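Novice: Below are the chains, spelled out letter by letter.
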Amino acid sequence: MYTKDGESYFIVDAHIALWDARPENQRNIHGKQFIDCFYDYHRNLSPESEVWPYEDYLYQGGARLMKDLFEDGYVDHAIFQPAHLGAFYERGFGQTEEAFALAQAHPDKLTYNHFWDPRFEQAGLDQLRRDAERFGLKGVKLYTAEWHGDSRGYKLDDSWSYKYLEAAQELGIRNIHVHKGPTIRPLDRDAFDVADIDKVATDFPDLNFVVEHCGLPRLEDFCWIATQEPNVHAGLAVAIPFIHTRPRYFAQIIGELLYWLDENRIQFSSDYALWTPRWLVERFVDFQIPEDMTEYAPLTTAQKKKILGLNAAAMYDIPVPAELQLPREEPQAVAVA
Amino acid sequence: MVTEAQARRALDTVIDPELDEPITDLGFVRSLEVSGAAVTVHLRLPTSFCSPNFAYLMASDAKDALSVLPGVGEVAVFLDDHHDSDLINRGLAADAGYRGTFGHEAEESLAELRATFRRKAHTAAMERVLTAMLRAGLPEDGLHDVVLGDLPPGPATAALLRRREVLGLSIERSAYALVDDDGNRYPREEVPLRLRFARSIRISIDGNAHFCRGLLRTRYPESAADQSPVKEKVS
Chain A
3 MYTKDGESYF IVDAHIALWD ARPENQRNIH GKQFIDCFYD YHRNLSPESE VWPYEDYLYQ
63 GGARLMKDLF EDGYVDHAIF QPAHLGAFYE RGFGQTEEAF ALAQAHPDKL TYNHFWDPRF
123 EQAGLDQLRR DAERFGLKGV KLYTAEWHGD SRGYKLDDSW SYKYLEAAQE LGIRNIHVHK
183 GPTIRPLDRD AFDVADIDKV ATDFPDLNFV VEHCGLPRLE DFCWIATQEP NVHAGLAVAI
243 PFIHTRPRYF AQIIGELLYW LDENRIQFSS DYALWTPRWL VERFVDFQIP EDMTEYAPLT
303 TAQKKKILGL NAAAMYDIPV PAELQLPREE PQAVAVA
Chain B
4 MVTEAQARRA LDTVIDPELD EPITDLGFVR SLEVSGAAVT VHLRLPTSFC SPNFAYLMAS
64 DAKDALSVLP GVGEVAVFLD DHHDSDLINR GLAADAGYRG TFGHEAEESL AELRATFRRK
124 AHTAAMERVL TAMLRAGLPE DGLHDVVLGD LPPGPATAAL LRRREVLGLS IERSAYALVD
184 DDGNRYPREE VPLRLRFARS IRISIDGNAH FCRGLLRTRY PESAADQSPV KEKVS
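Chains A and B are the protein sequences, given in the same order. Sequential numbering from 3 applies to the first sequence in our numbering. Sequential numbering from 4 applies to the second sequence in our numbering.
I should point out that these hints are in silico values taken from the structure, not numbers from a laboratory. Bear in mind that the values here come from a model prediction, so they are computed numbers and not experimental data. Heads up, some of the hints might be wrong.
[What the hints assert, rightly or not] Below 16 Å or equal to it, Euclidean Cα-Cα: the simulated EDC-like pairs (lysine to aspartate or glutamate) are:
hint, chain 1, residue 1, chain 2, residue 2
1, A, K165, A, D128
2, A, K157, B, E108
3, A, K69, A, E52
4, A, K34, B, D84
5, A, K165, A, E123
6, A, K111, A, D74
[Said to hold, decoys possible] Derived CB-CB ranges, DEER-like:
hint, chain 1, residue 1, chain 2, residue 2, range
7, B, T119, A, D152, 21 to 27 Å
8, A, K201, B, A99, 30 to 36 Å
9, A, K201, B, E36, 44 to 50 Å
10, A, M295, B, D183, 25 to 31 Å
11, B, S177, A, E123, 54 to 60 Å
12, B, P142, A, E52, 40 to 46 Å
13, B, L141, A, D159, 38 to 44 Å
14, A, A107, B, E110, 46 to 52 Å
15, B, E193, A, R24, 53 to 59 Å
Heads up, the beta-carbon is just placed ideally off N, CA and C, and yes, glycines get one too.
Same shape as in the complex, but just chain A:
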């Protein structure tokens, strides 16, 4: 919980990781390049006071995660969204066992989402059924640019992808987080393309599709789809740190999202350990659309409360203390039909 100026906010960090990118876990040069790329994001967009030494960035462990999120970071609940990256890291990038154990030890604070890769076809589908039961999955994180053999990525509308989504629906895995953003592959159709989300959102109306990084760098394509598909949501991972280096750009992003989607379909994420949540929460609560940007309405406190936690809490059935809830209201109509 975060309190400022007499207002209290329930905080859900909807996209975090417990990764291990230390040299002994790097399978090849790509593993080093991948974490170096993350570290450049971190150095480029963080305030000076929040920049970590490189060594700290390679691996944090559960104790530090708990401190950064829940002691220092105001977070009430956080959701693991692991990227496996088995082609880059010996034991994977996201640490399944460690993260799941931590979530089991703190079920009120942590939710473990897992991953799948449709290119494992039937064997992967069988594994998904076992994983759903073992982890009690409510959601998954899909990293469509993952390398696998000769393939450098897949699309959600591939035929095997459909079988996995059908299984998810049957298994009660309702929340499908999809990484769309600065990434590596697939090659042919550009890697940021969000057209596959459009198709599956229409064909699986009971599933929620959370587009992480809200489609940046293709914000417009994402907004166009989300306007028409009520089960498409925006994750603010990697978008929200612009609040420090490029506040006017961040104002435009949040202004566009509120215009094209609505305030119920935007979720706060620190993308820990890319960034720590504390400064992001503080800055977002203090943030306002600059007055000369008359094309956007000012952000309201209620909108900030929804974005910072209430939206994700509703999606994941996370209990919210009564005093941190908003008064009940009718759902807002979509801005453009």
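Guided by the hints, dock chain B onto chain A, whose structure is given.
Specialist: Here is chain B on its own, set in the frame of chain A:
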């Protein structure tokens, strides 16, 4: 014989399709060496994982732009520090083309990708000019009737005209300014929606440019000296 200045001017014509800016302004040119008739260029990008199709496109455009200079002999273009550096550099050296370089991963040509970003660049340029007119007092429903001759002279208008030319759209003074990718006007009632969508495209492009420039400076601090301020964008 070719001079370094000629070679640099040739590289000025190579555009990052996504950011809609020359690679020279972005600081993507790490080094340029001219020795007699031979030209050697090293390119660098903001991350190791910048999309390989865009990376290849810029590197091959650089080679093409240099190769047609009068008096130029051997042209060697290298992409440094990319996860596909070896693959791309071999493909460039062999003039293997996009499909020849990436094999089964590249079933299509780059033409459609390039065309998509030319269309986006035009839409963004259009929004910059028209939003500036709105801020200067033009009512929104007046946008439907604005023709190119009404646009205020300046870099933003010049940028729009250049992007229209690339798409093959009219640059006559009587041509309408708010048009689709084929140069057709939208129905009057769609003007607010179309402007809004154009705005989200412009925000994407501008935001990516901020991000990529910043990441390049983080990765290669010395690149700051090579980056020029954004010249023609008004937002």
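Novice: Could you work out which earlier hints the structure fails to respect and list their numbers in ascending sequence?
Specialist: none
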